[in-house]
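Could you build the full structure based on these sequences and the hints that come with them?
Line order of the protein sequences matches chains A and B.
Residue numbers for the first sequence follow my numbering, so the first one is 1 and each next one is one higher.
Residue numbers for the second sequence follow my numbering, so the first one is 1 and each next one is one higher.
Hints are computed from structural coordinates only; laboratory data are not their basis.
Hints are supplied without guarantee of correctness; some may be wrong.
Pairs count within a copy or across copies, as identical chains cannot be separated in the list.
As the list claims (entries may be wrong) - Below, simulated SDA-like cross-link-like pairs (lysine to any residue); rule was C-alpha separation at most 20 Å, straight line:
#	residue 1	residue 2
1	K499	R196
2	K308	D458
3	K148	N468
4	K30	R331
5	K308	V487
Number of protein chains: 2
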Amino acid sequence: MAREQTRRRERRGAEKLASFPWRQVVNPYKPVDVLSADQVEAIHRASLRVLQEIGIEVWSAAALDRFARAGARVDRAAQRVRLEGALVEELVAKAPSQFRLHARNPERDVVIGGNHIVFSGVGGPAFASDLDNGKRAGTFEDFRNFTKVLHGLNVIHQEGGSIEPTDLPAETRYLDLYEADITLTDRTWHCWAFGRPAVEDALAMLEMARSVDRDRMLAEPTAITIVNTNSPLRLDGPMGDGLIAMAEAGQPTVATPFTLAGAMSPATLAGALAQQNAEALAMVALAQIVRPGAPMVYGGFTSNVDMKTGAPAFGTPEYTKAALASGQLARRYRLPWRSSNVNASNVVDAQATYESEMAVWGAVMGGVSLLYQGAGWLEGGLTASFEKLIVDAEILQMMAEVLVPIEVSEDTLGVEAMAEAGPGGHFFGTAHTLERYETAFYKPLLSDWRNFGAWQEDGSKTATERANGIWKQLLAEYQEPALDPAVREALAAYVARRKREIAAGS
Amino acid sequence: MAREQTRRRERRGAEKLASFPWRQVVNPYKPVDVLSADQVEAIHRASLRVLQEIGIEVWSAAALDRFARAGARVDRAAQRVRLEGALVEELVAKAPSQFRLHARNPERDVVIGGNHIVFSGVGGPAFASDLDNGKRAGTFEDFRNFTKVLHGLNVIHQEGGSIEPTDLPAETRYLDLYEADITLTDRTWHCWAFGRPAVEDALAMLEMARSVDRDRMLAEPTAITIVNTNSPLRLDGPMGDGLIAMAEAGQPTVATPFTLAGAMSPATLAGALAQQNAEALAMVALAQIVRPGAPMVYGGFTSNVDMKTGAPAFGTPEYTKAALASGQLARRYRLPWRSSNVNASNVVDAQATYESEMAVWGAVMGGVSLLYQGAGWLEGGLTASFEKLIVDAEILQMMAEVLVPIEVSEDTLGVEAMAEAGPGGHFFGTAHTLERYETAFYKPLLSDWRNFGAWQEDGSKTATERANGIWKQLLAEYQEPALDPAVREALAAYVARRKREIAAGS
Numbered sequence: 001m002a003r004e005q006t007r008r009r010e011r012r013g014a015e016k017l018a019s020f021p022w023r024q025v026v027n028p029y030k031p032v033d034v035l036s037a038d039q040v041e042a043i044h045r046a047s048l049r050v051l052q053e054i055g056i057e058v059w060s061a062a063a064l065d066r067f068a069r070a071g072a073r074v075d076r077a078a079q080r081v082r083l084e085g086a087l088v089e090e091l092v093a094k095a096p097s098q099f100r101l102h103a104r105n106p107e108r109d110v111v112i113g114g115n116h117i118v119f120s121g122v123g124g125p126a127f128a129s130d131l132d133n134g135k136r137a138g139t140f141e142d143f144r145n146f147t148k149v150l151h152g153l154n155v156i157h158q159e160g161g162s163i164e165p166t167d168l169p170a171e172t173r174y175l176d177l178y179e180a181d182i183t184l185t186d187r188t189w190h191c192w193a194f195g196r197p198a199v200e201d202a203l204a205m206l207e208m209a210r211s212v213d214r215d216r217m218l219a220e221p222t223a224i225t226i227v228n229t230n231s232p233l234r235l236d237g238p239m240g241d242g243l244i245a246m247a248e249a250g251q252p253t254v255a256t257p258f259t260l261a262g263a264m265s266p267a268t269l270a271g272a273l274a275q276q277n278a279e280a281l282a283m284v285a286l287a288q289i290v291r292p293g294a295p296m297v298y299g300g301f302t303s304n305v306d307m308k309t310g311a312p313a314f315g316t317p318e319y320t321k322a323a324l325a326s327g328q329l330a331r332r333y334r335l336p337w338r339s340s341n342v343n344a345s346n347v348v349d350a351q352a353t354y355e356s357e358m359a360v361w362g363a364v365m366g367g368v369s370l371l372y373q374g375a376g377w378l379e380g381g382l383t384a385s386f387e388k389l390i391v392d393a394e395i396l397q398m399m400a401e402v403l404v405p406i407e408v409s410e411d412t413l414g415v416e417a418m419a420e421a422g423p424g425g426h427f428f429g430t431a432h433t434l435e436r437y438e439t440a441f442y443k444p445l446l447s448d449w450r451n452f453g454a455w456q457e458d459g460s461k462t463a464t465e466r467a468n469g470i471w472k473q474l475l476a477e478y479q480e481p482a483l484d485p486a487v488r489e490a491l492a493a494y495v496a497r498r499k500r501e502i503a504a505g506s
Numbered sequence: 001m002a003r004e005q006t007r008r009r010e011r012r013g014a015e016k017l018a019s020f021p022w023r024q025v026v027n028p029y030k031p032v033d034v035l036s037a038d039q040v041e042a043i044h045r046a047s048l049r050v051l052q053e054i055g056i057e058v059w060s061a062a063a064l065d066r067f068a069r070a071g072a073r074v075d076r077a078a079q080r081v082r083l084e085g086a087l088v089e090e091l092v093a094k095a096p097s098q099f100r101l102h103a104r105n106p107e108r109d110v111v112i113g114g115n116h117i118v119f120s121g122v123g124g125p126a127f128a129s130d131l132d133n134g135k136r137a138g139t140f141e142d143f144r145n146f147t148k149v150l151h152g153l154n155v156i157h158q159e160g161g162s163i164e165p166t167d168l169p170a171e172t173r174y175l176d177l178y179e180a181d182i183t184l185t186d187r188t189w190h191c192w193a194f195g196r197p198a199v200e201d202a203l204a205m206l207e208m209a210r211s212v213d214r215d216r217m218l219a220e221p222t223a224i225t226i227v228n229t230n231s232p233l234r235l236d237g238p239m240g241d242g243l244i245a246m247a248e249a250g251q252p253t254v255a256t257p258f259t260l261a262g263a264m265s266p267a268t269l270a271g272a273l274a275q276q277n278a279e280a281l282a283m284v285a286l287a288q289i290v291r292p293g294a295p296m297v298y299g300g301f302t303s304n305v306d307m308k309t310g311a312p313a314f315g316t317p318e319y320t321k322a323a324l325a326s327g328q329l330a331r332r333y334r335l336p337w338r339s340s341n342v343n344a345s346n347v348v349d350a351q352a353t354y355e356s357e358m359a360v361w362g363a364v365m366g367g368v369s370l371l372y373q374g375a376g377w378l379e380g381g382l383t384a385s386f387e388k389l390i391v392d393a394e395i396l397q398m399m400a401e402v403l404v405p406i407e408v409s410e411d412t413l414g415v416e417a418m419a420e421a422g423p424g425g426h427f428f429g430t431a432h433t434l435e436r437y438e439t440a441f442y443k444p445l446l447s448d449w450r451n452f453g454a455w456q457e458d459g460s461k462t463a464t465e466r467a468n469g470i471w472k473q474l475l476a477e478y479q480e481p482a483l484d485p486a487v488r489e490a491l492a493a494y495v496a497r498r499k500r501e502i503a504a505g506s
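Here's what the structure looks like:
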């Protein structure tokens, strides 16, 4: 009996997991505005005032040089940069509103900007978690497994960095990640921008992966990274250097302040948004100084703290409103906009889910271009959860389906089918239904729609427990995408050489 | 240690549960349109064609009479009513776009229509469920407990019918429910419309509760009910009679087809929506024949089945799109619109939550007037869950907060606070933050934002497990709202008399 259930479950699983096709998601709906046009302008003007009067601290000598040469007021002793509003506006206007990010498999290229949406996986957690082994420090094995599972989920367009492999040497682990990203998946992925070398190595390895030169990379952006300010109003040295290196090569950076209202920004949404805007614009401006037209993404990550404890909160009503408002701000500058799928729960439960939904709806209804941290984030971003990855993939698949417009035609209106069924009849057997039997509706990855008895007989599993079975199935079914063995060898040799150089301090 | 944790928990709980104030929710944002204006008109025209060519089966003799006198083509043998499009449009235009529903406590009145939103509790499940006792047939005790917990949740404006008390005699249980609704809460609640007597008794008891006469009730609608069609295209006898009785008294009916695409309507959203529209308009038209200007709510409940098994699914992408489209249709007729908070999960887990969020976002972004089944629905509506009631209350509270516009002013923009904190500083101690310490952000009912260690030390409880503690606390803290003892006595005497009459078959 148990074996039969397992077999039935596996069949059901195997059938389901194949169902979602790779496709770029396009948002056909008008974004929801939570701010009036006047309010957007008031936030814009306040942020320009911040950059002009208070300025931003920049700990990168190279960035200070660039700002000074472009006409900013730079106080080198205080590492403070003050920017006139007109200069900021002139620079920001040079950034493109949309660009294509190239994958090593051209079929996995993505467009960032316009009404396109890219769903990216979680990036950054130092801990991994699953139902079998609980929470633990992330390892390279966790990173590899997470990336393999993600590769089996077509709705996640991009690998976001997933889990930090804390079992690898800190100075060189990024090289192992890059190599794993290139070999385990053929999608785009996020490189590190902690200083120039991490960017240079990403560029070199992506050139090998795609068999292209630097000029081609310039014309066809392939690397992408996140640069965060240390809010309030500080850009640290490695991040500043990394941003410059990306811009020089014409590769996109997602410029994301972390404006946690009440802690790293004012305890008001208007204030937190004004500060976010100031910090984001300063980074976009720096990139445009380095290379006019360098692709940039406006990053919004405004949330709030629990005022009783100072603990950060995510997926709150304030978070959602800030997301919707950030979309409006990004559109004001004609920049692609990044938002996130976040929550503060310690476990994959109802809270993790409703906070994530609040974040995803805020992003999508706000016209998001890049949903970073899109799948797998748990515990305020400290942990990457394998089960959450599956729950989020279902959420994202459902959202992708919501964005497919309703088809209204003589045929779909089906008045003849209603006449055929007649009052009190049923539609199971009508020709209209039979024609559409296979493709009529979204087929879920995770949701169980069986009745209570059938569900109970199959072990009364919660969605999180079922997610555990699904990621294991995806991991077991993983197939590495094809890669020229010569490229693979060259990558390995490059990584080995760079590790030796870094060990030698060169 | 355990006791200390319990005490801390109780304090935390007690502090939290008091926080959400009673208020009517107003939606300041423009609804999301998923249909073009042309598509709305195509659905409208298809639905008029359905009413004219196929017609609707009506099993109420009184309703057939009314339709015939109003000029419809009525085939009495087939109980079929066919309506010309012009007649439907003329009748539907008589319904008001907004009305106030009166509670026995005037402070609990609600406005239905315009940009107001009313959140209503679950209505109808024959089963109750909680973590302690699992799923069981609903009892009057369950109904009373559910209503008491709901009364402690200010975000739920209206009692929706909650749990069917299967331990009471079927013919008279509605009288016990009415008495319990009037005595246990001072909010509005849903009466039954299975035939004229259930409506007449609701009206009589509400007149006693408010100490008003029938004329005053006419001017101040106080009863509300749901009337469903037996889709496709059939209105049964008791429902037709109940609808007429409500309209005669000027009380609002929520006219809700149950158009499950692929089973009770075509396997296309356009078709299901056209059929929904036809059925809803027929009911609105009937009410306007009975009493021009009778308040009506356009009910949308289009979802889809799992095409493999025929099982109904809820909170699907199709459900969400149908909700958004239904909002557009209701607005086309300037009618208030009802949607629901639904899911198909058998347990209060991630699936129950993401399906509910899909439904709630579709409703709210679609400009919903009445969110029926707003809190407590589980298992496709077969079960009312006490823990789900708490999860949903949190979801609704968060949504109510999302609908509070961002305040943008010189003061909230906080540029001075940014200057005070300075680059790399923090805002905890700024004057700007201290002024807002208490009220800056939403305080959750259920979410736990503590770090992993503190959460683990407190028992590693999931949100569903914490919800169990919260509803019990609300039940323990329940206080019956004041009611004149004479009124209470009169109600009891009325119920006793009516039970005797019904037993005697009169």
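Given a CA cutoff of 20 Å, do K308 and V487 count as a within-copy pair, a between-copy pair, both, or neither?
Neither way: K308 and V487 sit 54 Å apart in one copy and 45 Å across, limit 20 Å.
Which holds for K499 with R196 at a C-alpha limit of 20 Å: within a copy, between copies, both or neither?
within (16 Å within a copy, 83 Å between copies)
At most 20 Å between alpha carbons: which applies to K30 and R331, within, between, both or neither?
both (12 Å within a copy, 18 Å between copies)
Should K308 paired with D458 be assigned to within, between, both, or neither, using CA atoms and 20 Å as the limit?
Between copies, since 18 Å is at most 20 Å while 43 Å is not.
How would you label the pair K148, N468 (within, between, both, or neither) given a Cα cut-off of 20 Å?
within (15 Å within a copy, 37 Å between copies)
In the structure shown, a violation is registered for the earlier hint numbered 5 alone.
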